[in-house]
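Each chain, written out:
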Amino acid sequence: MSDIDTAIRVRGVRFGYRPDSVVLDIASFDVAAGERVFLEGASGSGKSTLLGLVGGILLPSQGEVSVYGQAIADLSGAGRDRFRADHVGFVFQMFNLLPYLSVLDNVALPCRFSARRAARALERSESVGHEARRLLGRLGLVDAEVVDRRVTELSIGQQQRVAAARALIGAPALVVADEPTSALDAGARVRFVDLLSEECAAAGSAVLFASHDPALATRFDRSLSMAALNAAAVVEREG
Amino acid sequence: MRTVLLQLAAKSVLNRRLTAGLTVLSVAVSVALLVGVDRIRTEARAGFANTISGADLIVGARGGPLNLLLYSVFRIGDATSGISWESYEDIAGRAEVAWTIPLSLGDSHRGYRVLGTTSAYFEHYRHGRERRLELAAGTGLADVRDAVLGADVADSLGYAVGDSIVVSHGIGDISFEHHDEMPFTVTGILEPTGTPVDRTVHVTLAGIEAIHDDSAHAPDDGHDDHAEDHGDDHADEHDGHADEHDADHADDHEADHEADHADDHEADHADDHDADHADDHDADHADEHADHADEHADHADEQADHADEHDAAHAADHLEPDSITAFIVGLESRPLLLGLQRYVNEYASEPLMAIIPGVALQQLWEMLGVAEAAMLGISVLVVVAGLIGMLTTFLTSLSERRREMAVLRAAGAGPGLVFALLIVEALLLAAAGSLAGVAIVHAAMVVARPLLLAQFGLALAGGAPGLFDLVVVAAVTIAGGAVAVIPAWRIYRYSLADGLTVRV
Numbered sequence: 001m002s003d004i005d006t007a008i009r010v011r012g013v014r015f016g017y018r019p020d021s022v023v024l025d026i027a028s029f030d031v032a033a034g035e036r037v038f039l040e041g042a043s044g045s046g047k048s049t050l051l052g053l054v055g056g057i058l059l060p061s062q063g064e065v066s067v068y069g070q071a072i073a074d075l076s077g078a079g080r081d082r083f084r085a086d087h088v089g090f091v092f093q094m095f096n097l098l099p100y101l102s103v104l105d106n107v108a109l110p111c112r113f114s115a116r117r118a119a120r121a122l123e124r125s126e127s128v129g130h131e132a133r134r135l136l137g138r139l140g141l142v143d144a145e146v147v148d149r150r151v152t153e154l155s156i157g158q159q160q161r162v163a164a165a166r167a168l169i170g171a172p173a174l175v176v177a178d179e180p181t182s183a184l185d186a187g188a189r190v191r192f193v194d195l196l197s198e199e200c201a202a203a204g205s206a207v208l209f210a211s212h213d214p215a216l217a218t219r220f221d222r223s224l225s226m227a228a229l230n231a232a233a234v235v236e237r238e239g
Numbered sequence: 001m002r003t004v005l006l007q008l009a010a011k012s013v014l015n016r017r018l019t020a021g022l023t024v025l026s027v028a029v030s031v032a033l034l035v036g037v038d039r040i041r042t043e044a045r046a047g048f049a050n051t052i053s054g055a056d057l058i059v060g061a062r063g064g065p066l067n068l069l070l071y072s073v074f075r076i077g078d079a080t081s082g083i084s085w086e087s088y089e090d091i092a093g094r095a096e097v098a099w100t101i102p103l104s105l106g107d108s109h110r111g112y113r114v115l116g117t118t119s120a121y122f123e124h125y126r127h128g129r130e131r132r133l134e135l136a137a138g139t140g141l142a143d144v145r146d147a148v149l150g151a152d153v154a155d156s157l158g159y160a161v162g163d164s165i166v167v168s169h170g171i172g173d174i175s176f177e178h179h180d181e182m183p184f185t186v187t188g189i190l191e192p193t194g195t196p197v198d199r200t201v202h203v204t205l206a207g208i209e210a211i212h213d214d215s216a217h218a219p220d221d222g223h224d225d226h227a228e229d230h231g232d233d234h235a236d237e238h239d240g241h242a243d244e245h246d247a248d249h250a251d252d253h254e255a256d257h258e259a260d261h262a263d264d265h266e267a268d269h270a271d272d273h274d275a276d277h278a279d280d281h282d283a284d285h286a287d288e289h290a291d292h293a294d295e296h297a298d299h300a301d302e303q304a305d306h307a308d309e310h311d312a313a314h315a316a317d318h319l320e321p322d323s324i325t326a327f328i329v330g331l332e333s334r335p336l337l338l339g340l341q342r343y344v345n346e347y348a349s350e351p352l353m354a355i356i357p358g359v360a361l362q363q364l365w366e367m368l369g370v371a372e373a374a375m376l377g378i379s380v381l382v383v384v385a386g387l388i389g390m391l392t393t394f395l396t397s398l399s400e401r402r403r404e405m406a407v408l409r410a411a412g413a414g415p416g417l418v419f420a421l422l423i424v425e426a427l428l429l430a431a432a433g434s435l436a437g438v439a440i441v442h443a444a445m446v447v448a449r450p451l452l453l454a455q456f457g458l459a460l461a462g463g464a465p466g467l468f469d470l471v472v473v474a475a476v477t478i479a480g481g482a483v484a485v486i487p488a489w490r491i492y493r494y495s496l497a498d499g500l501t502v503r504v
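Residue numbers (the working numbering), protein chains in the order written: chain A, 1 to 239; chain B, 1 to 504.
A portion of the hints provided could be inaccurate.
Stretch by stretch, here's where chain A covers chain B in the computed footprint (C-beta under 8 Å, at least three residues) [unchecked claim]: (1) 11–19; (2) 402–415.
A few chain A positions that, by computed beta-carbon distances, are all more than 12 Å from chain B [to be verified]: (3) P19; (4) A32; (5) S66; (6) G69; (7) D86; (8) E123; (9) R124; (10) G137; (11) L154; (12) I156; (13) A167; (14) P172; (15) L195; (16) A215; (17) F220; (18) M226.
None of these hints come from the bench; they were simulated from the model. The structure displayed is predicted, hence computed values, not measured ones. Positions of the beta carbon are idealized from the N, C-alpha and C atoms, including for glycine.
Can you build the whole structure from these sequences, using the hints too?
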């Protein structure tokens, strides 16, 4: 599907968690294939809701969301899960990792749910484990000792890089990051964003990066403000 | 997907080792209680049923049938009264009776019951599936002072054939009235049977009589007291005062005997014993003490010999006791059973009762049935409590699980995955807990079986895990999975509402 030029296409979307409230009202929003877009917005601006719609976890009450030409609403529940597993990598603000899995198993997790991503990981390395190690190395986690440690023993910065490696494994067409740097200090933020951008460029993945920190906007191809995008004036939802 | 699920569930459980371990433990303990109650119930029944076989009737004084069964066969409780020897002989002599085993109870040896009986006991008593009593060592009962020990008695008190033991009057670990004058000699030790026989000291009816028949044995009493006096006297005095001792001895001896005889021997034996005794003692002691003031070893032997003479004489005179406690009857043919039972129950000269062991046991089970049902009911409730404990643990871990769900969904898992994950975890914990519970019970049984037999005479039949154990493991596992539906459904609902962001 990466032959389609538009990674994300949003048209006339309205969404509310309750029938009487609208938290998101977007007339039009596009991300081109391989494009890296910075989405700036304060808490409650509807960022997370938009990311949930793009990831196929939420369904719009009106309008259309397509990812690489696939209308999300046309898929069944299980179909959306499969589509997400195959094509979208996620990084969150925190709690990205399963505490009972090793660092490597956490990184390799999407390959357990998506045969397509497992196959693409194997195109680059001899095994999923090797690909996970390679990505961790690219993201600066070269130390073998870090890789073998329990995820709960890692620093927040290290955890976020592990999460980025997981989002990138199997080269999904789209990487969605929701405030991945807000727990990091300023220096680490820039480094993290650069590493993520580099790897996404290498994999050809489009990036939708949401943050409340406008200082990071310069590191992306394009920057958008949630306030300009979202016609629904909401503050009740965090995001 | 199935392997992913199992691996995730297993790793998740291992990650929560402590709470998972405690959950398994609480399920295990509750299942152990349930399985244990059932086990004890069935094994106790089997044990009781195995204790006596081949007996058609048990005859005792009129009273509760259960009481008769319990004291005559299981050595539990006491007889209220006995049966006269005449009645026993009358019933035992009837044509339909093939054999009888007379039982005389009421004495003990260091906490073990002493049973007076005859060689018929070893010939006709059957336990388990028509198994005879077998001697592990020595021989059966021949002489008045012979004793044949059950396997446990010999084992726990460390007796071997040839040892001499002393019987106490009354029952209990501590008895103040020792019949020191009547030491018995262990002539045989039985093979273990897993029944109360193992905990019984068997002696002859005459042996029991010898302990109790004070009138017959007053001379012996006097004599033995005397022997003890001698022991002390000899130790203290004999080195220097051989002459003095003779004088003392003569005085003591006569004084004792006069007193005893005056008190006890008014009736039958006064004359006999006076005569015998006076002769024996005067002669023996006069000689011995005059001549062997320093040969104490010999003296002891002579005393023993002397006692033997008395017993032999006594055994000859008193083979027939006045009464016995109960007797077991074997019939020539089973159809005669009810007739004989009626005959005994309507016995004119004495209030007697005959019970059919199987029927009395059935009565016991009926009586215990309510208690058993209550115990089982309570155990089931405890298992339910264990499962509720597991449910609580799962529900309290839900907030953690919501984050886990968001991570899994972001990685491509469907909302059903964590639902299934919780169910699988619950199945794993419940299965591990119930298997552990069954294992605990069977391990405990191995330990408890000898203790129960030793403490309560309760012979539990051994047994591999049975159908009930399997049913319990399966039921608890399924119930565990069913209980987990509640938190699993909640996490499923949360995951649909939460999306990728957890608002906790």
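Hints the structure violates: just list their numbers, smallest first. When the structure is compared with the hints, numbers 7, 13, 14 turn out to be violated.
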